[in-house]
Amino acid sequence: MLGFLLNRIGTMLLTMLVISMLVFFIAEVVPIDPARNALGRYASQQAVDDLREKMGLDRPAPVRYFNWISNVLRGDFGDSIHFQRPVRDLVAVRLERSLTLAGLGFAFMIPLGLALGCIAGINEGKPPDRIISLISSLFVSVPAFASGIFLIVIFSLWLGWFPGVSIPDPDASFLESAKKLILPILVLALDEIGYLARMTRVSMAEVMKSDYIRTAVLKGIPKRKVIWRHALRNAFIAPFTAIMLHVNWLIGGVVVVEVLFNYPGLGRLLLDAALRNDITLLMGGTLVLTFVAVATQVVADIGLYFMNPRIRFG
Amino acid sequence: MISELAWSRSAMIGVAIILFWVFVGVAAPVISPYSPTEMHDARLQSPSPQHWLGTDHLARDVLSRLFWGTRVVVALAPLSVLLGILIAAPLGLISGYVGGKLDTLIMRGVDILLSFPTLLIYILIITSFGPSMLVVIISISLGSIPPITRIIRSLVLDVRTKDYVSAARLRGEQRRYILLREILPNVSGPIIVDTTIRIGYAIMAIGALGFLGLGIPPPTPDWGGMINEGRQWIFAMPWIVLAPAVALSSVVIGLNLLADGIREIAQQR
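Protein chains in written order, with the numbering used here: chain E, 1 to 314; chain H, 1001 to 1269.
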């Protein structure tokens, strides 16, 4: 077991190493000179060159990568070009907001997706399955920015129930803040529910056909009890991993939702950094968000290991 | 295969939707009432007999932009997926068939790239190289290489133990012959299903990039870009953003219906 844990953590470190190199070398291409940027357009070439030397920009790329990554490991991501403030502070505030949004999205989508998938899986081929399968195919096909547009038009424009923007206001009451978050959470959840329901349906249908469920039914245990006691536990393993490994898709959804609703999270920050060519901020934020994604996947792997005895003892 | 598809209702609906949009894309110059970049006398007009979907913030005809925008989706998405397959197929075939250290190396690389959130790769590449049609195509095909490689590899692993492959090996056929003549034709069915779904993903990705302001640069009409530009007026003139959002969703639904249909037929065999 210790071997398994070490293996996973080793893989994670290797992944982060390669990804940090990718981020650094893709960012190398950006035609912006940080020294020129810091001093402004009217600084003399001599002054710019001096600053470049001081910042270490004249050194070869591998040396600069090494300097960058050793600073990052100490928690220093450099200063944002646009905000002139440490990237670390900017990212920390925004990450917390994004995690709140994603967490609420998860809390909404997981029970609903699992429930829909289970109902469909138990009734495979019957009308409830057909209806749920149709709905989940629709949800899978509609991208987050489009479903967001639909929901805003329906719920804010026509019905007027919820606001179409979600800029947090520290003075607003809890109810007010919750109202602002409902649409973004809904869009985020819709982006994943179809996928989750499909996964659960397949898994549940498979479990219902398995020998141990048939044995339980033949032993005379009521169907309801068989489902609650035996089927659910085994049917949830597959969708659990599927959704955790889908975290990259979720991150894409978070970026889109934050932009659509003007929610100031890490996704919005990264996009603004990209649009303003604020490369230090983009690099730092991308690295942090990717670390969150990779760590989630490792946690999912380890969780699966403990949930599924077939892997643990296999 | 094609005659069997005609029996699947979902596949036929899917094909009809896709053909409709392909027609719109091809015929855009003929069926569009105006040029997609021509500016008319008033901006943000409501729908009228002259402008069925009104005009946008630069007084351009929204319907014409919608029609022309089809071209971006219909042409670029399949193109970028095909580019991805061209690189991923050899990788997946070799990784699955040859195995050993090469397989370990390729799969390690694939795993690492798969754990990188795709949208972040797109944002990073497009920021670094600047937004252009070529950069958008290349970044989307790069993003599709790891998952396609992995799927092809797993298909090959399944097929390589089949008798006809062993027979070819015993006949003394070359590795290239076995890969291209024995294995590739037998994994092509699932690859077609995957490609259909992946074109849908590519359409969503191109749309998302346009929506984020990182897609095909203006004034080229592009559905994601139309949503991005029209977003400010969503409360006053929702049709400007609803039209491209419905159009884009319908194409992806069409592709997924077609994929479902092909899969159904494959399972019946």
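Derived from the structure by calculation, the hints contain no laboratory data.
Each residue gets a CB set at the ideal place from its N, CA and C atoms; glycine is no exception.
Keep in mind that the hints are not guaranteed to be accurate.
To give an idea of the chain H side of the interface with chain E (calculated C-beta under 8 Å), a few residues [stated by the list, open to error]:
(1) 1033
(2) 1037
(3) 1039
(4) 1123
(5) 1124
(6) 1238
(7) 1253
(8) 1260
Straight-line C-alpha distance at most 20 Å; calculated EDC-like pairs for lysine to aspartate or glutamate [as the list claims (entries may be wrong)]:
(9) E/209 to E/96
(10) E/54 to E/28
(11) E/126 to H/1264
(12) E/209 to E/124
(13) E/126 to H/1260
(14) E/223 to E/211
These are the hints, each one checked on the structure:
The interface hint given for residue 1033 of chain H is broken, as the beta carbon of that residue sits about 24 Å from the closest beta carbon of chain E, more than 8 Å. A least Cβ separation of about 23 Å between residue 1037 of chain H and chain E goes past the 8 Å threshold, and the interface hint is therefore violated. Look at residue 1039 of chain H: its Cβ only gets to about 25 Å from chain E, farther than 8 Å, so that hint breaks. For residue 1123 of chain H, the shortest C-beta to C-beta distance to chain E is roughly 5 Å, which falls under 8 Å, so the interface hint holds.
Among the interface hints, the one on residue 1124 of chain H holds; its C-beta lies about 5 Å from the nearest C-beta in chain E, closer than the 8 Å criterion. Taken as an interface hint, residue 1238 of chain H checks out: its beta carbon lies about 5 Å from the nearest beta carbon of chain E, inside 8 Å. For the restraint placing residue 1253 of chain H at the interface with chain E, the shortest Cβ-Cβ distance is roughly 4 Å, inside the 8 Å limit, so the hint holds. Interface restraint check: residue 1260 of chain H against chain E, minimum CB-CB distance 7 Å, threshold 8 Å, status holds.
A distance of roughly 43 Å separates the Cα atoms of residue 209 of chain E and residue 96 of chain E; the hinted pair therefore is violated under the 20 Å criterion. For the proposed pair residue 54 of chain E and residue 28 of chain E, the alpha carbon gap of about 18 Å is at most 20 Å, so the pair holds. Of the supplied pair hints, the one linking residue 126 of chain E and residue 1264 of chain H holds, its CA atoms being roughly 17 Å apart against a limit of 20 Å. The hinted pair formed by residue 209 of chain E and residue 124 of chain E meets the criterion: a straight-line CA distance of about 10 Å does not exceed 20 Å.
Using a Cα cut-off of 20 Å, the hinted pair residue 126 of chain E and residue 1260 of chain H holds, with the two alpha carbons roughly 18 Å apart. The suggested pairing of residue 223 of chain E with residue 211 of chain E holds, with an alpha-carbon distance near 14 Å, which does not exceed 20 Å.
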